[in-house]
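A.B. asks: Each chain is listed here by its residues.
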Amino acid sequence: MKLINWLHHFEERLIGTLLIAMTLLVFVEVILRFGFNTGIEWAQEVTLYLSAWMVLLGASWGIREGAHIGVDAFVKLLPSRQRRIITLIAIVLCLIYCALFIQGSWVYLSKMAKIGIEMDDVPLTKWKAMSVLMIGFVLLAIRFAQLGWAVITGKQDGFVLADEGRDSMHLVDDESPGEK
Amino acid sequence: MTTLTLFVLLLLCMLMGMPIAIALGFASMTTILLFSNDSLASISLKLFEATSEHYTLLAIPFFILSSAFLSTGGVARRLINFAMDSVGHIRGGLAMASVMACMLFAAVSGSSPATVAAIGSIVIAGMVKAGYPKSLAAGVIANAGTLGILIPPSIVMLVYSAATEVSASRMFMAGFIPGTLMGLILMVAIYIVARVKKLPAQPFPGIRCWFHSMFRAIGGLMLIVIVLGSIYGGIASPTEAASVAAVYAFFIAIFGYRDIGPLKGVPWRKENEKLSTATIRNLYLLPKSMIESIWHKEVAHVVKDAAKVSIMLLFIIANAMLFAHVLTSERIPHSIAETIVSLGLPAWGFLLVMNILLLIAGNFMEPSAILLIMAPILFPIATHLGIDPIHLGIIMVVNMEIGMLTPPVGLNLFVTAGITGNSIGWVIRACLPWLALLLGFLGLITYIPQISLFLPQLLDGM
Amino acid sequence: APIELKFSHVVAENTPKGQMAIKFRDLVNERLAGKVKVEVFPNAQLFGDNKVLEAMLLGDVQMAAPSLSKFERYTSKLQIFDLPFLFKDMAAVDRFQQGPDGQQLLNSLKSKGLIGLGYLHNGLKQLSADKMLKVPEDARGLKFRIMSSDVLQAQFEQVGAIPIKKPFSEVFTLLQTRAIDGQENTWSNIYSKKFYEVQPYITETNHGLLDYLVVTSTEFWTGLPDDVRTELKKSLDEAIAYGNKIAAQKARSDRQAIIDSGRSKVIELTAAERQQWVEAMKPVWKKFSKEIGQDLINSAVQSNQ
Ligand code: NA
Ligand code: NA
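Protein sequences, first through last, are from chains X, D and L. Okay, so the first sequence: first residue is 20 according to the working numbering, each after it adds one. Okay, so the second sequence: first residue is 358 according to the working numbering, each after it adds one. Okay, so the third sequence: first residue is 220 according to the working numbering, each after it adds one.
Don't take each hint at face value.
[Claimed, not checked] Label pairs and their in silico Cβ distance ranges: (1) L:K506 <-> D:G590: 33 to 43 Å; (2) D:I805 <-> L:P502: 56 to 66 Å; (3) L:E249 <-> D:T359: 49 to 59 Å; (4) D:L716 <-> L:G512: 51 to 61 Å; (5) L:K501 <-> X:I50: 51 to 61 Å; (6) X:V47 <-> D:G590: 13 to 23 Å; (7) L:E457 <-> X:I59: 26 to 36 Å; (8) D:N394 <-> L:E249: 40 to 50 Å; (9) X:K133 <-> L:K506: 45 to 55 Å; (10) D:L716 <-> L:E356: 27 to 37 Å; (11) L:K484 <-> D:G590: 18 to 28 Å; (12) L:E249 <-> X:I50: 35 to 45 Å; (13) X:T57 <-> L:E423: 23 to 33 Å.
[As the list claims (entries may be wrong)] Each computed EDC-like pair below joins lysine to aspartate or glutamate, with the alpha-carbon atoms no more than 20 Å apart: (14) L:K484 <-> D:E410; (15) X:K145 <-> D:E410; (16) L:K296 <-> X:E31; (17) X:K145 <-> L:D268; (18) L:K331 <-> X:E137; (19) L:K296 <-> X:D140; (20) L:K296 <-> X:D176; (21) L:K256 <-> D:E410.
Hints were generated in silico from the structure; no laboratory data involved. A quick note: this is a predicted structure, and the numbers were derived from the prediction, not measured. Where a beta carbon is used, it is the ideal one built from N, C-alpha and C, also for glycine.
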C-alpha cells in the first residue's frame, strides 16, 4: 500500500509536469515564431506525444482521484449488497478491458520494436515513445484491482465518480473577497 | 448482430456505473474480438492515434488550465462581480451576459467543448452566486457553448470543407448569422424564463461602483483581448491561443492579483514605499516568484485540478474514437446513409431523414468523424436535389452542435459535469429544455436556407 | 470467404487518389469476384497517414497510398523524390519511375516489411504566399508550412525561409491570419484544401514533386495465391494509369479554377527567374546525396533528357 501511495504521488507530479510542459511548448513556439521569426522543428511532434503520455498515464491516476465520469443513477437505486456485486462485475469487465489492451499493445509495440523506426523529428525509436500505451494499461489494471479489493472488503460500494470534484464551484461558497 | 452487440454492451456497461470512457472502449474491444478480423493490436494503435494525432483537441486542456488559474486565483471572482454590477439589475441579465460571453469566446475557439471549458466554470459559479438555480446556469452554458463550432472559426466547418468542395471562407461567413441568431434565441428564452421564474435581480450599484469593479476586473477582461488579438492579429492559431491564455492566466493570478501562490499577501506597493523602490522590488520578485511557483502547493493544486478534468475528457474522446472506428470499419454509418440516399425522397423529406440520421450519429460519434463519413455520401444527393452545399454544411454543423449535448458521447455534457462536479444525469436534465430550443433552431435552419445563405450571397454580389 | 482487402487513404473520393482507389475496387470486385473483396476507406476514416503503415504491418489494412515523404523513417532512399528541381516535368518523373532504378526503389521498403506496388501522381508543387515571390530573395525571412520531411526543411532553409510544421487543421487559420506566410503544394491540393482562398499569390515554380506510393505489406502480398496476385497487380496498374490521367487533368483544371476565382494571383516565372530558384535550392541535393546515393540522383537527372 505504501508503494501505491508513493506511486500515486509520483504520478500526480509527473502528470502535472506533462500538462505544463505541453502548454509551455506550444506557447514558446508562438513566441519564437512571432517574436523571433523562428520555429522549433520538433515541437509539434513532442507536444502530441506529451499529450498522449498525459492522457494514458492519467487515466489510472484519475481512477483514484475520482476524475472519470460514469452513470451511477441506476446502481444507486440498488441496496448496498447488490450494488457491490454489480460494481465487482463491472470491475472485472474493466480488468478485461485492460488485459485486452495490454495484449494488443504488446503485439503492437513488439512489431514497432522489430522494425525499429524512429520518431519523425526526434532521434528516439518510436516504440519507446509509445511505451506509455503498455505502462498506462498496466497501471490502470493495478488501480482496478485495488478498487476491486476495496469493494470486496466493503470499504467501497461503487466507482468513485466525479462527485467529489466540486473544486471549481468553491467560488460560490467562499466569502472572502480576496482583496483588502 | 455486430451492431447489436456493440450497442447492447455499451448500454449494459454504462448502467453498471462503469466510467463512460471504459464502457465505450470495452464495447469496441469486445465487438472487434468477437466479430471482426481486425487485431487487438490495431485497436491499441488506434487508441494511440486518438491520443496523439489530434492537435486541435489540445485547446481543451489549455483552456481548462487557464480557467483553473482564473477561478482559483480570484480573477474569476472579480469578473463575476463586474458582470453582476453591469447586468445584475436586469432579470436574467447575468445569464444573458454569459451567453454573450460564450458567443464572444466562440469567435476565438473552434471547438464547442473548449468554449464551455474556457468560461463555463467561471460563469456558472457566477450565476449560482447571484442566486440562479445551478441547473439553469449549467444548462444555459452547455448549450451556448455549442456555438463554438457554429460561429467562425470552426474546426468542424474546416473538416466539412475539406471533405466536400465547399469554400472554407464561405462556410465561415455562413455560420455568422445562424450563430448570432442562436445566441439571440437563447437570450430571449432566458428573458422569458427569468420573468416567469422571477429570477433574482440586484439593484444597480451606481456608476462609481461599476467603474471600480470594472477596473478591478481588467486583468481578467484582458484575457479575452489577448486571445482575440493573438488570433486575429496573426500571431497564433486558435489552439495556440489557448496555450497563450493558460500562460497569461497563470501570470495574472500569481503575479498580477497575487491571491494564490508564492506572492500571496505581498503587495505591489507597500505603505509609504517609494515608487522606485517598489518597481525594483517587483522586478526582483517576478523571476523569484516564477521559480518558486514550480513547487508551490497552491499552484500544483490548480494544475492538478485542470489535469483531472482534461484527462477525463481526453480519455473519453479517445475511447469514443475507438467506438467510431469500430462503426466505421464495419461500415455501419455508411450503409445507413446509403440506404437513405437510395430512398429517392423529395428535398424536404431528404432533409428530415438526414437530420434524424445525423442526430442519431451525433449520439455516438464525435463531429469530425461523422462529417468525414456522412458528408461525402449525403453531399452528392443533396446537390442533386438542389440543396445549396453551404446550406447543407450549416445544417450539418447545427446537428453536430446538438450531438455535443446528447449522451453517451456528448462532450459538452462531460465538460459541464467535470466543471460543476455534478453527475452526468443531472447535467443531461439541466440541458434538456435548452436542447429543445436547439432542435427548434435546427428546424429553422433546415427549412429557411436564407439564414445560412444571406451573408455569403451578399458578399458574392459585392 | 473472399480475401478482404482494405484500402485506406486520407483524401476525398473526388481526388485522383480517391478515384484511383475506386477504380481499383471496381476492377478487382469484378474480375476476382468471390476471391477478393476490396473496400475503400477515404478521408482518413480508418487511419491517418501517420499510422496507416503501422496498421498495415499489423495486418489490419492491406493497401494504402501515403505521400512519398511519409516513408522517410522507413527508408532514406525515397527522399530522392522530395529533392527540389530534380525533374523538369511529369514526363521526366514517369521516365524515372518506370525505369530500372525507379522500379528498384519499390523494393527499398522490404526490410521493414512493406512492398511498393506503384507510383501515383499528384503533381508538381508550387509556392503560395502572402507576398509576391519572384526570386529566391523574396522568400527570405518568410514562414512556410511544411510536411514533416528533412529534405523540405533543408529546401526552405536554403533560401533563408523558416519552415514551420503544423497540422492541416491549424494551417488554414494560420495562413488566413498571416501568422504563417506561405506553403508549398500541388495545384490540386491548393485548390481542394482551399489554400488559394487565403493566399493572395501563387508562384508557378514546379519546384518539387508530390507523389504517392501505393504500398502493401510483404506478408499479405506474398501470402496471396499466384494467380490472384498477378490479377491484383494488373488491376492496380490499370487503376494507377487511370488515376494519373485524372491527376494530370486536375492539375490543369484546378490551376484554371484558381485563376478564374480571382482570389489568388498566379505568377509565372521567366526562365532567368526560375534559374535563380534552381541555383538557390540545388545545394540541398548535396546534403542528402550520401543518404540517397549519388548514382540514384544522377539517374533521376538523366531522365530529364
Ligand atoms: Na468558433
Ligand atoms: Na452526442
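A.B. asks: The structure should be examined with respect to each hint, and the outcome stated for every one.
C.D. replies: Right, here's what the structure says about each hint:
K506 of chain L and G590 of chain D have their C-beta atoms about 36 Å apart, which keeps the hinted 33 to 43 Å range intact. The beta-carbon spacing between I805 of chain D and P502 of chain L, approximately 60 Å, falls within the hinted interval of 56 to 66 Å. For E249 of chain L paired with T359 of chain D, a C-beta distance near 27 Å fails the hint of 49 to 59 Å. At about 57 Å, the CB distance of L716 of chain D to G512 of chain L agrees with the hint of 51 to 61 Å.
Between K501 of chain L and I50 of chain X the beta carbon distance is about 34 Å. The supplied range of 51 to 61 Å is therefore violated. For the hinted restraint 13 to 23 Å between V47 of chain X and G590 of chain D, the CB-CB distance of approximately 18 Å keeps it satisfied. As the Cβ distance of E457 of chain L to I59 of chain X is approximately 45 Å, the hint placing it in 26 to 36 Å is violated. In this structure the hint that N394 of chain D and E249 of chain L lie 40 to 50 Å apart at CB is violated, the actual value being about 23 Å.
Between K133 of chain X and K506 of chain L the Cβ separation comes to about 30 Å, which falls outside the hinted range of 45 to 55 Å. Hint check: L716 of chain D to E356 of chain L, Cβ distance near 55 Å, so the stated range 27 to 37 Å is violated. Between K484 of chain L and G590 of chain D the Cβ separation comes to about 25 Å, which falls inside the hinted range of 18 to 28 Å. Taken as a hint, the range 35 to 45 Å is violated for the pair E249 of chain L and I50 of chain X, whose Cβ atoms sit roughly 57 Å apart.
Distance hint check for T57 of chain X and E423 of chain L: the Cβ-Cβ separation is about 28 Å, which falls inside the suggested range of 23 to 33 Å. For the hint pairing K484 of chain L with E410 of chain D, the CA-to-CA distance comes to about 34 Å; that exceeds 20 Å, so the pair is violated. Taken as a hint, the K145 of chain X and E410 of chain D pair is honoured in the structure, with Cα atoms around 14 Å apart against an allowance of 20 Å. At roughly 44 Å between alpha-carbon atoms, K296 of chain L and E31 of chain X are farther apart than 20 Å, so this suggested pair is violated.
This hinted pair checks out: K145 of chain X and D268 of chain L have alpha carbons roughly 16 Å apart, not beyond 20 Å. Restraint check for K331 of chain L and E137 of chain X: the C-alpha separation of about 12 Å stays at or below 20 Å, so the hint holds. Straight-line distance between C-alpha atoms of K296 of chain L and D140 of chain X comes to about 18 Å, which keeps the hinted pair within the 20 Å bound. Using a Cα cut-off of 20 Å, the hinted pair K296 of chain L and D176 of chain X is violated, with the two alpha carbons roughly 60 Å apart.
Proximity of K256 of chain L to E410 of chain D is assessed by CA-CA distance (about 30 Å); at most 20 Å being required, the pair is judged violated.
In the structure shown, a violation is registered for the earlier hints numbered 3, 5, 7, 8, 9, 10, 12, 14, 16, 20, 21, in ascending order.
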